[in-house]
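Chemist: Work the whole structure out from these sequences, hints included.
Here is what each chain is made of, one letter per residue.
Number of protein chains: 2
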Amino acid sequence: MIIDCHGHYTTAPKELDIFRQAQIAALEDSTKAPSSEALAISDDQIRESLEGAQLKLQRERGTDLTIFSPKAAGMAHHIGTKETSEAWSRVSNGLIHRVCSLYPKNFVGVCQLPQSPGVSPANCVEELERCVTELGFVGCNLNPDPSDGYWQEPPLTDRFWYPIYEKMVELDVPAMVHVSCSCNPAFHFTGAHYINGDTTAFMQFVEGDLFKDFPTLRFVIPHGGGAVPYHWGRYRGLAQDMRKPHLNEHLMKNVFFDTCVYHQAGIDLLTRVIPVDNILFASEMVGAIRGIDPETDRSYDDTKHFIEAAPGLSDEDRYKIFEGNARRVYPRLEKHLAARSN
Amino acid sequence: MIIDCHGHYTTAPKELDIFRQAQIAALEDSTKAPSSEALAISDDQIRESLEGAQLKLQRERGTDLTIFSPKAAGMAHHIGTKETSEAWSRVSNGLIHRVCSLYPKNFVGVCQLPQSPGVSPANCVEELERCVTELGFVGCNLNPDPSDGYWQEPPLTDRFWYPIYEKMVELDVPAMVHVSCSCNPAFHFTGAHYINGDTTAFMQFVEGDLFKDFPTLRFVIPHGGGAVPYHWGRYRGLAQDMRKPHLNEHLMKNVFFDTCVYHQAGIDLLTRVIPVDNILFASEMVGAIRGIDPETDRSYDDTKHFIEAAPGLSDEDRYKIFEGNARRVYPRLEKHLAARSN
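Here the protein sequences come in this chain order: S and F. Counting from 1, one number per residue, gives the positions in the first sequence under UniProt numbering. Counting from 1, one number per residue, gives the positions in the second sequence under UniProt numbering.
There's no promise every hint is true.
[To be verified] From the structure, some residues in chain S lie toward chain F, with a derived Cβ separation under 7 Å:
1. Gly52
2. His188
3. Trp232
4. Gly237
[Said to hold, decoys possible] Which bits of chain F does chain S cover? Going by a derived footprint, with three or more residues having C-beta under 8 Å, they are:
5. 47 to 57
6. 153 to 163
7. 200 to 211
8. 228 to 236
Calculated directly from the structure, the hints in this document are not laboratory data. Positions of the beta carbon are idealized from the N, C-alpha and C atoms, including for glycine.
Modeler: Below is the structure:
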């Protein structure tokens, strides 16, 4: 089977956005606050939002299960207070749970966390636990920059982040390191902030020694690891100059890259330099790039095709990328997959 | 011949650093201000700083001419005022001029600009003109983030930057878009800030229409273009979704990538996806990565070897990468090269 480890609910019914706009308006005028019950979205609306989009693409491309989370740019952790983020996360994750309940064979949930700039991620522990133990989610998205473009939090290796890591380890769930929107006019969100976030997070892991403290903690760095595989020599060299262990020892038991790289040459590089055990299939559809590549007449984000065409991969390698590694990184998938085969 | 378009004076005599420390101390206590005459560095000291480093590596690797500029991380535009940056730039560029005068066959100058956060780059025009017309420099380094890690300037396509672009066009010199140090603990300087700066600048050019206003303006994006070639499909797709012209039309007459990518697979990707007319040989030696790669027993930054080994390049392609493109992007090189052949 083919597990896509990176999909966001970018096609959610407009009521979700209306709720969010009301929530934001209420920051200025509390009489405008929506109740989460105001979010009246029917099952049919949810079906409609997916049937012509993610489900259609799953069928067309031949992928089976998407690890699905709220829209990344929509997390917008910089808005309001931690209470704002807490309410917004509950609503967003609740909607993902409804998607997964309607289509248990097609989607499994990953949650947004109620991060807020300068606030200890200890405030995220409760929502992570709720999503994993009550809603059956298998992981979370962790934003290394809740300021959304101004990078004011300490590096991911800092003790500031440890409360959420402790809960991740306890629950045995990974985080995808995923920034949100960009408020900084210097950074286009999908063209700069996303990729920079990936590169930055990886280098923070290189500089630190986080996995000495948390040997079983696991992160997926999306968008093919940002710039990292293309500069793999630079990162090997930096680790060496810093007298760190070889990257394979230092962090590649804990850090994984997805395959959201939208051309054949990029996927060929990724699979050439990164150990196959560290690569998880993903497309981020429906997401950043929605067009058809005139060079291939396929969607840019049809990454399955690139993996199939990448040279030098054995059948076992492809099994790992498409399925085996996801089962290992997200062990809570097993229950879903067992239920699915009944 | 082989022209390395990206080298910094990272091995400058310690007097330069002492001068800078005094300059910084004087920000708090003006009695500590150094005069630029205090910077007593002999010709022999300069020779010594280069003979065992850049010149040795040029000889060993078989490269001929390095386009040479002050240490990038040392620019530190966030420090002090524009007057601080002006004095520091004059001193730093003056030392580059001495290097180029002592070794006219080996080095040609590119200047640091006296940028300062929030200050119009109009203040850089005079120093650029001095360096080009009086000192024989062939280009400049432009820092898209003079805050050094907090990204507070408008995008490079904003009219804020036009005064320096007008002078660059008039003098027919390109800029390398090169950030400096990082004050932001989130960003390691050579492992994150440099690469993010490259990716960010490219995406700014994609989003804007700068080259409609300046059809002959030219930028070199260093470090192999940051993440861009690895995500070339993403950038083609983003331009398409934004209804911009194809990247080759939109900006590839104006934007060039260097080859500071420190492993064979990265260079293979670069030369596979980026038009050969847009690639300029560079190593950034002596720079970010100083070790020997145990996988190859060569220096990570010995990029000449990777270009020679890259598949699919014709002799003409290699000529362009090693020499021809640099002559085109830096037309003021011609005078130096003509003098050299006498």
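Chemist: Next, verify each hint and record whether it holds.
Modeler: These are the hints, each one checked on the structure:
Interface hint at S/Gly52: violated, since its Cβ lies 19 Å from the closest Cβ of chain F, which is beyond the 7 Å cut-off. Annotation: S/His188 was flagged as interfacial toward chain F, and the flag holds, the nearest CB pair being 5 Å apart, inside 7 Å. Contact between S/Trp232 and chain F, as hinted, is supported at the beta carbon level, the nearest pair being about 6 Å apart and thus within 7 Å. Using the Cβ-Cβ criterion of 7 Å, the hint placing S/Gly237 at the interface with chain F is satisfied: the shortest such distance is roughly 4 Å.
Against chain S, the region 47 to 57 of chain F contributes 0 residues with a C-beta closer than 8 Å to a partner C-beta. That does not satisfy the three-residue criterion, and the hint is violated. Counting residues of the region 153 to 163 of chain F whose beta-carbon sits less than 8 Å from any beta-carbon of chain S gives 3, enough to reach three: the coverage restraint holds. Only residues whose C-beta sits within less than 8 Å of a C-beta in chain S count toward coverage, and the region 200 to 211 of chain F has 5 of them, enough to reach three; the restraint holds. Residues of the region 228 to 236 of chain F with a Cβ under 8 Å from some Cβ of chain S number 8, which satisfies the need for three, so the listed coverage holds.
In this structure, the earlier hints numbered 1, 5 are contradicted, and the remaining ones agree with it.
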